[in-house]
Each structure stands twice: as C-alpha cells, then as structure tokens.
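*Asks:* Residue strings, one per chain:
Number of protein chains: 2
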Amino acid sequence: MTSFPHSPEFDLPYQSAPHCLIPAPPALPDAPLSLNRWGFADTQFLIDSDGNVQLTGARYALCGQVIDRLLPWSQSQLGLPIVPGDAHPFAWPLSPPASRLDAAALAALQQLLGDDGVSTEPLVRQRHGHGHSQEDIWAVNYEGFARIPDAVAWPRGENDARTLLLLAQQHGLALIPYGGGTNVTAACRCPTDEARPIISVDTSRMNRVRWIDPINRIACIEAGATGAQIHDVLARHGYTLGHEPDSYELSTLGGWIATHASGMKKNRYGNIEDIVIDCRVLTPSGELLRRNVADRESIGFDHRRLVLGSEGRFGIITQALVKVHALPAVQMHESILFPDFATGVRFFHDLQQSGQLPASIRLMDNRQFMLGQCLKPTPAGVAAVKSALQKWYLRRVRGFDLDRIAACTVLFEGAATEVKAQRRTVTRLMQRHGGLYGGAGNGKQGYSLTFGIAYLRDFLLTQWIIAESFETTVPWSGVLTLCAGVRERVEREHRALGLPGKPFLSQRLTQAYHGSACLYFYLGFHYKGVAAPSAMYTRLEHAAREAVLQYGGTLSHHHGIGKIRQGFLPQIASARSRELNHAIKDLLDPDNLLVCGNQ
Amino acid sequence: MTSFPHSPEFDLPYQSAPHCLIPAPPALPDAPLSLNRWGFADTQFLIDSDGNVQLTGARYALCGQVIDRLLPWSQSQLGLPIVPGDAHPFAWPLSPPASRLDAAALAALQQLLGDDGVSTEPLVRQRHGHGHSQEDIWAVNYEGFARIPDAVAWPRGENDARTLLLLAQQHGLALIPYGGGTNVTAACRCPTDEARPIISVDTSRMNRVRWIDPINRIACIEAGATGAQIHDVLARHGYTLGHEPDSYELSTLGGWIATHASGMKKNRYGNIEDIVIDCRVLTPSGELLRRNVADRESIGFDHRRLVLGSEGRFGIITQALVKVHALPAVQMHESILFPDFATGVRFFHDLQQSGQLPASIRLMDNRQFMLGQCLKPTPAGVAAVKSALQKWYLRRVRGFDLDRIAACTVLFEGAATEVKAQRRTVTRLMQRHGGLYGGAGNGKQGYSLTFGIAYLRDFLLTQWIIAESFETTVPWSGVLTLCAGVRERVEREHRALGLPGKPFLSQRLTQAYHGSACLYFYLGFHYKGVAAPSAMYTRLEHAAREAVLQYGGTLSHHHGIGKIRQGFLPQIASARSRELNHAIKDLLDPDNLLVCGNQ
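Chains as they are written, first to last, in the numbering used here: chain V, 1 to 599; chain S, 1001 to 1599.
There may be inaccurate statements among the hints.
Taking beta-carbon pairs under 7 angstroms as the criterion, some of the chain S residues facing chain V (in silico) [as the list claims (entries may be wrong)]:
hint : residue
1    : Val1066
2    : Ile1215
3    : Arg1296
4    : Thr1343
These aren't lab readings, by the way, just hints derived from the structure by calculation. Cβ atoms here follow ideal geometry from the backbone N, Cα and C, with glycine treated the same way.
Excised from the complex, chain V in its bound form (with noise of 0.2 angstroms):
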C-alpha cells in the first residue's frame, strides 16, 4: 500500500476553460429512503378500505388516485385469484446479522470519517448489502441475509477514499462501493464465503457538482451525485445532463459508470459512455487519473473505456467530466396506438433508420399497455362518454383489436425546428404502418409511469405476486422471432417448474439502434402455495435468459451483469477474454479488497 501513491499533477483533470464554479450546495433535503422497498420511504402503494390499490404521498402524478382496476385485471392476466384481504405482508424487519468489525477498525474508520460518517446499525447495513433485484426484496422482506456488511463508511471526498483503500488494506478489510443502490444485478451482494469483514463505501456524501464550463459544455461532478440532484443543480444554471435512467431519482454518476447505463433519453444525449469524458479512480494499486482530455482522442490505451461497466470491481470512481446541454427550448410528449406489437416494430425500425428519432421513443406491447391503463382510475362521468367514443372509433373505425394494440410514448425534446422535424417524419411513419395519435397526456404517463412501476412490484409481492424485469439488444431482425421464443420457453417452464396460473410476460423495445434494439420485458407469476418462490423464480429468468441468447440477443443492454448473470459468460466470451478480465482485476486490485460486481 505504501505502492499507492497520489499524482497530485493530475489533480486538475480539465484546464484552459473559463469554468463557473458551483459553491458546495447545501446537504440537499432528500426525503427519506425506505430500508427494504424501492425508493421514497413516504411512497408506497397500499389497498385502501374499499379493496382499491393506492399510492401514497403525493410524490407523483399517480398518488392519491383510486386504481381500482389494477388487481382484477392482474387475476386475469395470471389465472389465479387476488384477494385483498389476503396479503402476504412484509416480515421485515428480520434481524440481520451481526458487525463483525473489530474495534481497532471500527475506530479507525471513525477517525477518518468522524462518528457520523460511519455505521454499524444493522437497517443501515442490510440495505447497502442488496440492490433491487426479486431476490433482493425477497430476501429483505422475508428471508433476511447471511451476509451483509459489517460496517457502512461515508467518504466526503477523494482524500477519503483514498485512506479507506489503506485503512482497508491494514485492517484487513473488504469494500464494495455503493451508489444508489438500485442496482439488479446482485453486484451488491456480501459473497457469504468473504472472512474479512465488508465495509459499504456510500459515496452519497460526494455528490457535488463541482463546477460548469458553459463554453465547451462541461461539468466536473462527483461521483456519489444522483441523477436528481445532478438534475436539480444544473437546471438552476440552465442545463441538464439528459441522462435519465428510470432509476435516476436515486442512481448515481458513478454508479451509471459501473453500470454502463442507458437512459430514456439517449437519442438525443447519449448512453452514459457517449455522456463521459473522463472518470477518477482509485485503485488499490494506484490512481486511473488522465490530463489533456477531451470528446475525442487516440492515445491509445484509456481507462475510461475500462472502468465504464467494471461494476466497482476495480476501484472507487470519485468523479466524472460529464457532457451538459442548454435545456431545451421545447419539451413535448405524444402517444401513439398501433393495432399490434410487430407493426409497431417495423414503424420502429423505419424511424431508426430515417436518423429522426425523438429523445424518447418506446414501443408498449398490449399487456403494458393495459397495464399502464389499469394504472389510471376508471373513467367516471365525461370522462366515461369519452373514453367509450375513443374505444368505439379504434374498434369500429381503425378496427383495432383491443387485446392486441400496442402503444408507444413518445418524448421530443429539442430546438423547435427540430422537434417539428422529428415529428413531421414520426407522422409520415406513423401513418405509413397504420398508426395513430393517442395524445400527450398519454404519452407523459406513459413516460412518467416507469418511475412508479418499480413501487408496484414491491407492493405485489405481498399480494402473492413475484415479478422482475430482464432486458437484452437484439438485431432488428430478430426482435419478433426472440419474444416468440422466449414466451414459448418461459410458459413450458413454468409449468415444468408446477408453478400455478399463467406466468405474466410482456416486453416494450425501449432502444432503438443502428443494427439492433433494446427489449425490456416483465416476467411474474402467481405464487401462493409455491414453495421457495424466489428461487423458482431464479430458474425460470434462467430459462428466460438461456431462450434471448438462443435467439440471438445479448447478456444485458443496460442492466449488467453482476453475480446473477456472470454464469452466461462463458456462452458469449471467450476463455481468453474471460480470463483477461480476471487478471485486469488481479493487477488493479491484487488483494481482492473490492469484492462487488460480477466475480
């Protein structure tokens, strides 16, 4: 460790920019995050005295309205009954396990960190010992943890982090770097065999934006900094990083980097590599810093492109050089109905390959549109009138079936002649494959809908329902024949697996590029009277996932692949590649100290 040494002529990443500097914003007010559901810990759905479905708070457009189709439409989807009386309640909180930490390292971490920059109560632990996958929240809510970490450390800042790195090399120490925490990959996970005692680095207190460079659009900001308050911050001076994962209210930049994240909006900003110009890393065997960077080079070896998806597996990221954009001058939302999911697809690849394609686009198939429809209160009075008029026209008119009609949301964002652009080619297009308008309010649901849907699946799994999402890229080509395939594959698992009713599977193509395309799917089942749901669940994503790489689809797109899916490499690696990812951590990290990510 006395190898680590600080390259201080590499503490100025970026120069010769007149930079606006940010003052360190105050500690910003987040509401408190719940310790064994997703997010907002005032956020949560609920069945209301009258057996309705309720999300509490008034943090989003959805709270407070009565949903009151939600759960009968769910019977019908997975051919079981759902009974409101009948819950499968939360057991948490059980009591994890306990600190292992050592005196000696416990009060060294203080000395670092002061008393309130460390923690050893057991809520706090277990929550930076999980991510947001089934098996998370199962084991959260109803099975508790063998391991989780021993301690969790706050570091405000590079000087911080870079003594824990020591600090854990002497004491005998493992970490693993924790961001937001929504990850669902398992790359969280304590791996239950680690004797060392596990410290959570929580790198929410390095969350400033440190400084804008308005000229060449630049912003230098930590790494611990969440898509929310990076939102907040640069919004207040005019601009916005675009990048909005449907985690981004509580993800973070550096864990976007480790991730290799998408965001909603990428065609107009880019996923997080084409958003990054340079990210800090201390490594245990030293600092991944650069000088002289810029967009675009040929320096021939780079970091970056190394760190961007390394899980936290080769060190902690302390900050990033982050591309920024004026906010736009017009934001608009737009729906859009086709009369099924393959036609959707073929106006999908005709608008990918027009280069007209609006920040946002995503094509629903009809179970999430239903869903989506289920989310809103029945329509009563007016509302009703209407709502049967527009069923009326899409049956008789459009002859639209409406068991089968998919739904895209659509977002421009933009300059005004390029959002009229885009939307002169979404409407040729649109009408070219029969589509038609469904009208923004639509469309800003639909948009706003992916913030709440990760609240639903916890709230189902106490109604008896397990539910997960799994993604993948697949060539244009490939897209119909890959969602055939894998529904054919999950229904003949799950009834070999015994399980009861129908499974739930339903996809929307969330990414659209040259060559291929994002598909994002929900997978769930009914399972009362199942023993070890989760674990049945593991095995049917297995076959799930075995069915997308059949079919020619890829490991993840965006999602990674952490401890749960790390078995598939072999399929889509080479021994070689493989291997050489192995001694890459070897040589960054020869202690094995960092022990998060795909192993």
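The hints should help you fit chain S onto chain V, whose structure is shown.
*Replies:* For chain S alone, kept in the frame of chain V given last:
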C-alpha cells in the same frame, strides 16, 4: 503455445439475420503501390520542362494540370528561394539490411503460406518497416534503416494467422501486423534492439467482405480490406461504410481499429469506435472472440474497447462487424468563405451546437486556403476575368482581406430533407458570422485535396522542404489560444534551432465535437544547408507538441501514439494507468511477439 486453443463455438460471431453472402471477390486489380513514396506508383508530383509542377497519372482531378503558382508561393511562405533545377533527389533505393531469417523458419513460413505468401525481397521488406511520417520517408529515401523486417508474410485468413503466431513462438520470431502501411506514428518501425528475426504480417490477402446483412445493416469484413476495396464491394450492393480517413484508399479496417481512426464524414457515420460492433483478435495467448453482440450492451468487460487503439500490440485483428448504410440519396459539395479563421471557428462552434452538422465540414486557415488556390492552374481567359471579379467583390464589397480569408469545405450527404435542413442551418449561421458561399466546385476541390496532399509532401522533400502534419483535440474555448501558442512556440524553436527562413505552420479545424474540436496542423521548413534535417524536424515537432499539451490539447485526436509520441504519455496518464497498459500487453503477449505500436 499449447495454451492457444481455438474456440470454434465462436466462429459464427453474429446470428439470427438473413445474410447476403458476398462471393469471394476476385483479387482486386489494384494498381501497384510505390515502394518509397506515398500511394500509387503511377502518381507523383514532378517538375515539367517549364519549371511548373504537375501530378502524373489520371487518378485525381489534379492530374495533368499545370500548377504554376505552387513553388513561387511556397518560396514566399518559407522566405527562401526554391529553384526548380536545384532539387534534392531521392537516393532510393538504398540497400536495405539483409534478412536475418534462418532457412528453417523461412521454410516453415513457405510451407504454411506457399512460396508467394512469403517474401524476403529487400525493398518489399523495407516498405513493410515504416509508415509515412517524415522520419519514415526521409529514412527510405535518404538515409536507410538500421533495421527492417526480415520477411513479409501474407496470411490468407484466420487459420494462417493462428499458425503464424505458433510459428513465431516455435522459431523465435517477432511480428508486426501490417495493414496499409499508412501510419504516421512509427508504429511499424522495427525496434533496432530486437534480436529475433521480425516478420511483417501483411493482412492484404485477408480482404474479403464476407457478408452483408441488409436488414440490420451490418457487414462482416476481413481486417485487411482497404477503404477503397470496402467502398467498391459495398457500393455494388447499394451500401456504404461512410468511413473516410484521408488515407482511406490505402488504409485497412484492421489498421483503423488499431489506430482508433477518424473519418472525414464522422458527423454522419461516426468514428471507427462508432462503426465497429465487434472484432476478432488472435493474441499470442489466445483468442479474443465474442458472440451475441449488438450495437450496445452492458456486459462488464468487452475486449472491443481494449482493442480499439491498441496499435497492433495485442494480436492480429482478423475481422470485424461493422455498421453499413444505404448509399445516400444526395451528396452535395459546398464551400464557405469567412473574413478570417477566428470568425470561422465561431461559426463552426455555433454549427456544432445546432446539431445540424453536415457529413463533413472543415475550416482551413488562410495558408491552407492559399495552398488550395495554388494547386489550381492560374486562371486564363474568361476564368481570369471571373476570378478577378470575385476578388474585387470580396475585397471591395465584402471588405475581406485576401491575406486573412479562411474557407470551409462542406459535404452534405443524406436524405434530401436532411440535407435541406442542414443547408438551411449552415446558411443562417454563415450569414450571422459574415461568411459567404464559395461554390460547390471549390468545396469539391477542397474535399478531394486531402487525397493528393500526401503526394505533395513527398515531392516537396525533393525541393528542400520538409513537412509533416500533427493533430490534437482541444476544447472549443482553447482553439484560438492553442493555435497562437503553437505558432509562437514553433517560431521560437525554429529560431533556437538556427533553421533558415521562416517555418510554415498552417491549421485546419477538421472535426467538431460537443466540447472540443480537432485541429490539424501542417508544419514545415526549408532545409537546404541544414545538418540532419529530419532530426531537426523531430525536435521542432516535439516543441509544437509540448505547446499543444500546454494549451490544453490532447496528445492525439486520430493519428495515435506509436513510437513517436509515447514519451509524452507520463504527462497525460497517471503511472498506474500506464502500468496497466503494459501489464495488459504482458498478459496477452507474454513473450512480446508483437513489437509494434507504442512500447
């Protein structure tokens, strides 16, 4: 080497698409290449009996024209006489070093590749021991090399390449992969202290476009295919790759990957990292192969990102999956005049921010604009009157100073509506910045000039002018200060080195990115009477590069590092980052079989 198992399960790198198989193309009737100058043997600048310059052959628009203003203008720029009769003719061929390859190794290579698959011919070997930096061309023609490859081998495909790696280990050979031989970083230079025989692995027989997938718009192409070959095959099927580095007639797909290349039309088609979806690499310690690849993934480690820019150090790149595009409906050249370079830069920055960049746009400073003018014949007759009128208009009506004018060459490419929208934006911003259109003819000439300029450099060498290009990426805010800083430093160093006359320094802005721009410089001086002109040039360029870094530029935008710039790496990357690069090299090539690229 027994640890080098082939993984046949990865032989089909891409699936699920209806491929259009391309029959093995007949050996393309490429014109012979020069062995001591840039490009095709039939093409070179010469001085005719009237003392004017001409370009031989019929390959370029410039060929056969009387270029009467070039030498007088060069003389005025350099401040020293250029006398047509007083040349410094190339001394080529100097006698290259004898081959050190022993008979057993030669026999083994011949057995593998056939008699015509191996050469020990001295001038062929010498050509494979360099690229096209001034140091290279100086050595070829005036000084010779201390060390060149001891044989050239032409593998016909992956099986040959795999066996070559085995033979290298068995017979104690070093290897240097060779594409088009157009690098300007000394990447292909043989280390003089290398004791083993060195084999140049020429990939030119691995040049097939294997298949095109028309639905997903992907092609599978062998690494040795040149830009011109790829262009021809794809165009026959209605497609284009859209990658046009200045060297694209000669440089290869594998070379582009190894160099991290950039093309003139990157605004529309992207740089090489945007184009290549996957690549197959045979390293001495095993194969880096993938399956289930797509445009965008999150799979943890992806060897593609490590191989891009690897400069041939890790292994032999054998083939790649690349994005292809339908041939554009519209191609339209244009040119724009601005009163000066600084105004042009402000226009360019605004255009970048508009998001409406044409496929290609380059801004030349006054010197490069004048160089372009001097490569046309002096106008006579009606053209002379027209030219005089144009000059009068520029000077008197628009108030342009002819000695300060800067010019953009523009290439619009795409659908008609797209080109129309781009042109509208260009017109609006051009007018805002006081520019005016200079016509399609000048635009086309400027765009094409790049293909002839390398011939010019070699010709000028015989006229006592030594010159070379270098490039960087720099934040927009630093463009003008960097240009001024480099100029000041070059002039100072030119004086300090006691060089005669004035240095020639000229820049163009060739690529625009979100936060930065690529600046491409020509640097030259009159070397008559100078001892060791090539070494002097190296010192002058080194000083220029120091200024580039001092003013916030990157070490390279697209030329790469090679053996020329590796000494600067400690200034741009921390020690651990550089050690990591070397450690990865050691992992993949423990016996250092591959002695190319930065070391």
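*Asks:* Next step is simple, just say for each hint if it's right about the structure.
*Replies:* Consistency of the hints with the structure:
1. Val1066: violated, 38 angstroms
2. Ile1215: holds, 4 angstroms
3. Arg1296: Check passed: Cβ of Arg1296 (chain S) comes within 5 angstroms of chain V, closer than 7 angstroms.
4. Thr1343: violated, 17 angstroms
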